[in-house]
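Engineer: Protein chains in written order, with this note's numbering: chain A, 3 to 273; chain D, 298 to 542.
What the hints contain is simulated information worked out from the structure, not anything from laboratory work.
A few of these clues could be false.
Claimed, not checked - Quick list of simulated restraints, FRET-style, between CB atoms:
1. D:Arg352 x A:Lys228: 37 to 43 Å
2. D:Leu360 x A:Ala88: 54 to 60 Å
3. D:Leu522 x A:Ala263: 53 to 59 Å
4. D:Leu522 x A:Asp141: 32 to 38 Å
5. A:Asn253 x D:Leu360: 53 to 59 Å
6. D:Asp357 x A:Gly89: 38 to 44 Å
7. A:Arg229 x D:Ala351: 40 to 46 Å
Glycine residues also receive a C-beta, built at the ideal position from the N, C-alpha and C atoms.
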Amino acid sequence: MKRDAFDGAPVPSPLHDAPAARQQASGADSPLLFDLDRVCVRLGPVLALQDVSVRLRHGERVALVGANGCGKSTMLRLLNGLLQPAGGRIVRDAAARQALLFQRPYMLRTTARNNIALGLWMGGLGWADAKRRAVQALDRVGMAGLAGRNAKTLSGGQQQRLALARAWAASPDVLLLDEPTASLDPRAKHDVETLVAEFTTGALADGARRGPVSLVFASHNLGQVKRLATRVIYLEQGRVLADLPVDQFFNGPLLQSQYPAAHLFVKGELP
Amino acid sequence: MSTFSESATTALALIVSFDTGLWTVVGRSLAVSATACAIACGIGLVAGAWLAVARFAGRDAVLTVLNTLLALPSVVVGLLVYLMLSRTGPLGFLGWMFSFKAMVLAQVVLVVPVVTALTRQAVEDAERSHGEQLRSLGAHTALRGLLLAWDERYALLTVLIASFGRAISEVGAVMIVGGNIDGFTRVMTTAIALETSKGDLPLALALGLILLAVVLLLNALISALRRWRERLDGGVAAPAAVLAS
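Next up, chain D with everything else stripped away, as it sits in the complex (with noise of 0.2 Å):
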């Protein structure tokens, strides 16, 4: 108990302090986590959205394989971009390995099933419903896709944040090809990991603390801006009898 007040203390003095260090750490992890959400989004939602409504030979055993990557250790996924990005690696050229481009690459990897994945499963809940619908209208099916996803939009928000969360707790991917270098790969779960390795565990409990206070900040942020929008838009269907005037 001694042990959870002196690092709830000690984090509040590191907070309070505003030391460079811990926010450089910080800004750093967002940085990261943030562009690597950003990109996998890019994709897994155009992905998602299309699988969702596309129907193909194969398409069974594509669904099989991607809710599996769900469950895609991180650190084997630091082992497949260390060995991609190593010198003698396909993408050795970049010169990538050990920086921040190395983290956002491993993060993308580890994101894009999941991003995919959710979205495939929203946005075919949504084509089941309502995809005849858009099809009576003429709606192709790659336009199908796009248009429920954008209709599912407050939903996906959900995806936004569960891929966030797995990007930055994760610490094997970025502790494999960031190298945890102070000052340029450093980043909180590296630090956590360093700190509790090196016997700190106030410190490491302090920089948990932290991490675990900035997602919450951020999902809280991101919920109050969907349930705002929510009830600007009107997004709780509700039943045909209850809207009947």
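For reference, chain A alone in the conformation it holds in the complex (with noise of 0.2 Å):
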């Protein structure tokens, strides 16, 4: 939804590239997403991020895993825009579309399917175009029976669908997801999951649609990780300390010998 970039003004894209260009990318050839360079964000007094080098391509699967307060959620705020670095520098790729997802997503006291379209009219989309995509987006994410209930009675589960109909809608290149299952029962978190790995495979897209969409997101479960991710970067005191495919991040010698803090994590041993 956001087209990019600093402060909301776009920004030259050195990275990106041609559409089709993407419609195929997933590995380490594929276009750059994301470049962060020894990025520092500050909140407030606490320095939140420090020293942050990532490159992000275009079809990855990104885990950020990591305690509470080590800056995975200022990670997906930086990246989406919300918050600028105090220091370093990072390029986005203008062209990607991205949808954010909070935890706990906001919904306006009015209709499911207003919900998604005033998302889209935000997003620059004529009302009528909208509320006809919203009803779409519902009825892919099995919520069509629900389009006249107001979005505040929804349970969590729904709302999160809702949310993710929202982000569908948008067709966003780029899905970033702050813990969406966090304060799910198992249900709905299954509920959750699958649409996000339909989501990003894209076994949800339509027509209209380009096909996978890349995917960073933060969690606590490790099983979703696995599941989900293909690359895992785990990060401690607003420093990135491990940064690995995802069979290596959780099997291979590599994270005992080179991050043990990480592996520590990983079988949650750390004090």
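Take the two lone chains, each set in its own frame, and fit them into one complex as the hints suggest.
Structural biologist: Next up, the structure:
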């Protein structure tokens, strides 16, 4: 929904490539989505991110893990442009649409359909088209029957699915999720996770969509990380301590030998 | 105690006898205050919503002044409006002095800070909780303010009650700019002040009781409306864990 960039203003995009190139992108050679170079973010007196240098590419599914307060949410907000770096440099693919989902999505006191339509309208779509698209989106996530329900009366799981529908309707290139299932029961967790998986692998695609969607998500649920991510970034006190493909993060000997703190976190043995 | 019982009896007698003079004064009071509140809400709700989400140099100073204006004495407002509307004042050409419009203007000045400050507080709380999500959807400052104010509309009904209460209960401003002219600008509060000064305490107290009853009735209606709509719209936010399906 955000088209980018620093403080809402468009920036030159050295990362930008033709959309066609992004369609098939999923590997190390795919175009860059975010390029962070020694980025620091300050939240009041706290340095929430310190010297973070990370490159995220189109097609990747990246999990941000770490203890509470390690900087996961700050990182997502930085990527989305809600926060600006106090130091360092961040370049975003200005052509890539983003959708950010929060742990507890905010729904306006109106119908589920209008909540989606308003999001699209704020993104620049006409109201009539926005409402039509909203109905399609609700249908995609299996909530067509709840289109006329006030969104505030929906359950937590339904609201999170509605937030996903709102994101889907905007056809994002990258989905940013901040612990989307943290406060949900197992059934709702499963529903949301399934939707995210379908969303990012392109299974929810329709004729107008461009295929797989990149994913960056924060999670404490390591099982979910294994299921959804292709790459894991471990943060501690605002610093990136480990950045590995998902199989190496969980199974390889590399984590234990080179990233002991992350290894202890995975084993659940951090003090 | 006898004064109270005599007042209650007088008030009841005035009500059941459908005293034309009384109901004219009650009607005028409601008309002046309702008009003033409508205008003040038009200004204050927008200004308060904008102040809640906008960040600019000097905002803290503006908020301090706004909060100070909450304690603005109604006689001072009356005096200022009097000076503005007097023949030699900047708005003297309007010819509003000692009229319904003058009383409305005075009450608008009195109530706008109340509506603005309370709206600002309600919307700023919502902005702190949800503003970031609206920003991520692409809502700019003004739109965010309006959306959050709309979403907090039931909380803002309380602002309406508070502002109406402030308007209908004040006496100083309407006395100065209205002149308490019988049949033209006499309202409940100025009538009470007059009857008290004449020594007719039972009548003054009876008018006071009627004024209280009118305000009580309006508040009850607005509260009932709020509860009804909240029930329909799921206005009470429950924790996500409770909401989980």
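Engineer: Now tell me, hint by hint, if it's right for this structure.
Structural biologist: Okay, the hints, checked on the actual structure:
1. D:Arg352 x A:Lys228: 37 to 43 Å: holds, 42 Å
2. D:Leu360 x A:Ala88: 54 to 60 Å: Since Leu360 (chain D) and Ala88 (chain A) have Cβ atoms about 27 Å apart, the given range 54 to 60 Å is violated.
3. D:Leu522 x A:Ala263: 53 to 59 Å: holds, 57 Å
4. D:Leu522 x A:Asp141: 32 to 38 Å: holds, 35 Å
5. A:Asn253 x D:Leu360: 53 to 59 Å: holds, 56 Å
6. D:Asp357 x A:Gly89: 38 to 44 Å: violated, 27 Å
7. A:Arg229 x D:Ala351: 40 to 46 Å: 43 Å Cβ-Cβ, so the 40 to 46 Å window holds.
Hint check: violations occur at hints 2, 6; the rest are consistent with the structure.
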